[in-house]
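Colleague: Build the full structure now, drawing on both the sequences and the hints.
Which chain is which? The protein sequence lines are A and B, in order.
Under our numbering, the residue at position 46 of the first sequence is numbered 46, and the numbers go up by one with no gaps.
If you count the second sequence from 1, you need to add 1000 to reach our numbering.
Hints are not guaranteed to be accurate.
A short list of chain B residues far from chain A (calculated; beta carbon distances all over 12 Å) [what the hints assert, rightly or not]: (1) 1033; (2) 1041; (3) 1043; (4) 1086; (5) 1172; (6) 1265; (7) 1288; (8) 1300; (9) 1321; (10) 1325; (11) 1338; (12) 1375.
In silico DSS-like links for lysine-lysine, alpha-carbon gap of 30 Å or less [to be verified]: (13) B:1381 with A:74; (14) B:1300 with B:1344; (15) B:1416 with A:34; (16) B:1344 with B:1260; (17) B:1281 with B:1267; (18) B:1405 with B:1381; (19) B:1430 with B:1405; (20) B:1267 with A:74; (21) A:34 with B:1405; (22) B:1344 with A:74; (23) B:1260 with A:74; (24) B:1359 with B:1405; (25) B:1359 with B:1430; (26) B:1300 with B:1381; (27) A:74 with B:1255; (28) B:1381 with B:1344; (29) A:74 with B:1405; (30) B:1416 with A:11; (31) A:74 with B:1430; (32) B:1311 with B:1281; (33) A:74 with B:1359; (34) B:1311 with B:1267; (35) A:11 with B:1430; (36) B:1260 with B:1281; (37) B:1344 with B:1255; (38) A:11 with B:1405; (39) B:1416 with B:1430.
These aren't lab readings, by the way, just hints derived from the structure by calculation.
Since the model is a prediction, treat every value here as computed from it, not as a measurement.
Glycine is no exception: its CB is placed at the ideal position from the N, C-alpha and C atoms.
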Amino acid sequence: MVQENSLDLQKVVLACMESLNLARDPDEQLTIDKEAPIFGQDSPLDSLGLVSLLIDIEDALADEEVEISLSDEKAMSQRHSPYRDVPTLVAYINSQLEQESAT
Amino acid sequence: MNTSNLVERMRSWPSEIALVTGTKSTQYDELISEVESWLERLADAKITAGSVVSIEGDYSPTTVAALFAVWMIDAIAVPLAPDSASHHDQFCETAEVQFRIQLQQDEILITSTQAEAQHELYVSLRERSHPGLVLFTSGTSGPNKAAVHDVAALLNKYETPRQRLRTLVFLQMDHIGGINTLLYTFSNGGCVIVASERTPRDICQAIEQNQVELLPTSPTFLNMMLLSGEFDSRDLSSLRVITYGTEPMPETTLKRLAQKLPDVRLKQTYGMTELGILGSKSRASDSLWVRVGGDGFETKIIDNRLWVRAKTAMMGYLNAPSPFDEDGFLDTGDRVEVDGEWIKILGRDGDTINVGGSKVDPAEVENVLLQLEGVADVVVKSEAHPITGQIVSALVQLTTSEPFKEFKVRARQHCKELLPSYAVPARFRKTDQPLHSSRFKRIR
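Modeller: Written as structure tokens, this is what we have:
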């Protein structure tokens, strides 16, 4: 619980986006910003890119001993997509972690 | 029905709109006069019955008319879409193309290649005096195979009049799905709508602006549309039917779609470059159980794999042995579950990975990864994923001590240079364990 709270989720998400950019063309770069869009009209990320990013974030969290799935059926069936932008994704990860620690 | 009968039928509704590309609408009579101009152009270029002719370009009245004109003179059409432009020279060589028709904006270029085109399948088409169609199979699993169809056999399916629908054409003209949309729509006086890009936004915009009734698409694309939120911000009330095929449909996507669009009928289709599009009936809109076959199709199931014999099946491949058994059945490679007359398609047997409908050969990806410095061994396999159905996952054994994150960036950059984007592994994992069996076969 203490470890989860001390984790800067926003930093993890942004670091994964930055690392993804290293293997993307100059004209498809993701904006690295705490409000940046991730998936949707304002982002150059396609579904394949989104999948890679979500897996990278899952792996980065696993390195911190946090096991979480970001693209399971629960995430897909949210009323509003949790993948819209950095704040919605961070909020979604947070809510997942809270549910985990509550059970 | 032959091509001339189809064109005659199209003449009977001259002022209906046949094709919408961007802001341009083309009536049936305008499309037919375009076909007539093409008949003159073909004659001027000495293109005659039995000639093998590529048609290279995006959907437009000119490209569509060129296809019909080539068929009307009993020549063999090889449609090639801009998506595969880097492969066009190679495709033309494989298909022994004798004349290349290249269309860009309003420019038409016709060149003769001096090729011979004596393949036995072409000889057989010429003996029958039937027009032909050559389509290339997709995927990275070996070289693209060139499937030769007898257009007379394909067209018979469209003889019975069916519903007249405003249909969005999702797949290109070099795909059996694109050809099926054109033929179905034109043989019933419907309207074909071309979206500017295949993005959820442009497709939804095209549906709204053109009151599209039928949307043929793939499960992955439907998933992307659900995620994009476009369903909520657009008026899609004109939609009556969505058909989906090319890969197994994830149950969650189907249920969510059925919930989101309760008035739209969701229908699974089953098609293959080699077989044409099979008639099918979904048990219910939110059901994955489907009945394939019926008129012109027969199925049999051996060891849970689906075999199909179809009147619309291709004659054979130009560059591979015939895949049909002695009774004319083709092993689709699809694993199925059976419940009486209903089947459920579980996915492809074998190792091929299906990423959103695109097929990836794991061996090819392994080969590319093994080129990297520090990679001792690698196993590439599929992993289920709710967004694209399956993803490419690579398990590597490294000899370097670099941080794994840095290796991942290096590996992705390298793969991106050599593989299509869908074949680049989404997941990389590291292992110290051997990756092969005692007989030195990779463990997948």
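Colleague: Against this structure, judge whether each hint is valid.
Modeller: Results for each hint:
Listed as a non-interface residue, residue 1033 (chain B) keeps its Cβ farther than 12 Å from every Cβ of chain A; the least gap is roughly 40 Å. Non-interface status of residue 1041 (chain B) relative to chain A is upheld: no Cβ of that chain comes within 12 Å, the nearest being about 38 Å off. The Cβ of residue 1043 (chain B) lies farther than 12 Å from every Cβ of chain A, with a closest approach of about 45 Å, so its non-interface assignment holds. With a least beta-carbon separation of about 16 Å from chain A, residue 1086 (chain B) lies farther than 12 Å from that chain, consistent with its non-interface assignment.
The claim that residue 1172 (chain B) is not at the interface with chain A holds, since no C-beta of that chain comes within 12 Å of its own (minimum 18 Å). Residue-level check passed: residue 1265 (chain B) sits 22 Å from the nearest beta carbon of chain A, beyond 12 Å. Residue 1288 (chain B), annotated as away from the interface, keeps every beta carbon of chain A farther than 12 Å; the closest lies near 15 Å. The Cβ of residue 1300 (chain B) lies farther than 12 Å from every Cβ of chain A, with a closest approach of about 34 Å, so its non-interface assignment holds.
Taking the minimum C-beta to C-beta distance to chain A, about 33 Å, the non-interface status of residue 1321 (chain B) holds against the 12 Å cut. The claim that residue 1325 (chain B) lies off the interface holds: its Cβ sits roughly 36 Å from the closest Cβ of chain A, which is beyond the 12 Å cut-off. The claim that residue 1338 (chain B) is not at the interface with chain A holds, since no C-beta of that chain comes within 12 Å of its own (minimum 26 Å). Once the 12 Å rule is applied to beta carbons, residue 1375 (chain B) is consistent with being away from chain A; the minimum gap is 16 Å.
For the proposed pair residue 1381 (chain B) and residue 74 (chain A), the alpha carbon gap of about 25 Å is at most 30 Å, so the pair holds. Proposed proximity of residue 1300 (chain B) and residue 1344 (chain B) is supported: the alpha carbons are some 14 Å apart, at most 30 Å. Between residue 1416 (chain B) and residue 34 (chain A) the alpha-carbon distance is near 28 Å, which keeps this suggested pair within the 30 Å criterion. Restraint check: the Cα-Cα separation between residue 1344 (chain B) and residue 1260 (chain B) comes to about 23 Å, which is no more than 30 Å; the hinted pair holds.
Distance hint between residue 1281 (chain B) and residue 1267 (chain B) is fulfilled; the C-alpha atoms sit about 7 Å from each other, no more than 30 Å. Distance restraint check for residue 1405 (chain B) and residue 1381 (chain B): the Cα-Cα separation of roughly 20 Å lies within the 30 Å cut-off, and the hinted pair is therefore satisfied. For a cut-off of 30 Å, the pair hint linking residue 1430 (chain B) to residue 1405 (chain B) stands: about 11 Å separates their Cα positions. In summary, the hint linking residue 1267 (chain B) to residue 74 (chain A) is supported, as the alpha carbons are separated by about 25 Å, within the 30 Å threshold.
A distance of roughly 22 Å separates the Cα atoms of residue 34 (chain A) and residue 1405 (chain B); the hinted pair therefore holds under the 30 Å criterion. As the CA atoms of residue 1344 (chain B) and residue 74 (chain A) are separated by approximately 24 Å, the hinted pair is consistent with the 30 Å bound. For the suggested pair residue 1260 (chain B) and residue 74 (chain A), the alpha carbons sit about 17 Å apart, so the restraint of at most 30 Å is met. Annotation: proposed proximity of residue 1359 (chain B) to residue 1405 (chain B) holds, straight-line Cα distance about 27 Å (limit 30 Å).
Taking the CA atoms of residue 1359 (chain B) and residue 1430 (chain B), the gap is near 24 Å; set against the 30 Å cutoff, the hint holds. A hinted pair counts as satisfied when its Cα atoms are at most 30 Å apart, and residue 1300 (chain B) with residue 1381 (chain B) qualifies at roughly 29 Å. A distance of roughly 13 Å separates the Cα atoms of residue 74 (chain A) and residue 1255 (chain B); the hinted pair therefore holds under the 30 Å criterion. Pair hint residue 1381 (chain B) plus residue 1344 (chain B) holds up; C-alpha atoms about 23 Å apart against a cutoff of 30 Å.
For the hint linking residue 74 (chain A) to residue 1405 (chain B), the alpha-carbon distance of about 28 Å falls within 30 Å, and the restraint holds. Only pairs whose Cα atoms come within 30 Å are accepted, and residue 1416 (chain B) paired with residue 11 (chain A) is accepted, the gap being roughly 26 Å. For the suggested pair residue 74 (chain A) and residue 1430 (chain B), the alpha carbons sit about 28 Å apart, so the restraint of at most 30 Å is met. About 18 Å separates the Cα atoms of residue 1311 (chain B) and residue 1281 (chain B), which keeps this hinted pair within 30 Å; it holds.
With a C-alpha separation of about 27 Å, the suggested pair residue 74 (chain A) and residue 1359 (chain B) falls inside the 30 Å cut-off, and the hint holds. Using a Cα cut-off of 30 Å, the hinted pair residue 1311 (chain B) and residue 1267 (chain B) holds, with the two alpha carbons roughly 22 Å apart. Taking the CA atoms of residue 11 (chain A) and residue 1430 (chain B), the gap is near 24 Å; set against the 30 Å cutoff, the hint holds. With a C-alpha separation of about 21 Å, the suggested pair residue 1260 (chain B) and residue 1281 (chain B) falls inside the 30 Å cut-off, and the hint holds.
Distance hint between residue 1344 (chain B) and residue 1255 (chain B) is fulfilled; the C-alpha atoms sit about 16 Å from each other, no more than 30 Å. The straight-line distance between the Cα atoms of residue 11 (chain A) and residue 1405 (chain B) is roughly 16 Å, inside the 30 Å bound, and the hint therefore holds. Of the supplied pair hints, the one linking residue 1416 (chain B) and residue 1430 (chain B) holds, its CA atoms being roughly 20 Å apart against a limit of 30 Å.
Comparing the model with each numbered hint stated earlier shows that all of them hold.
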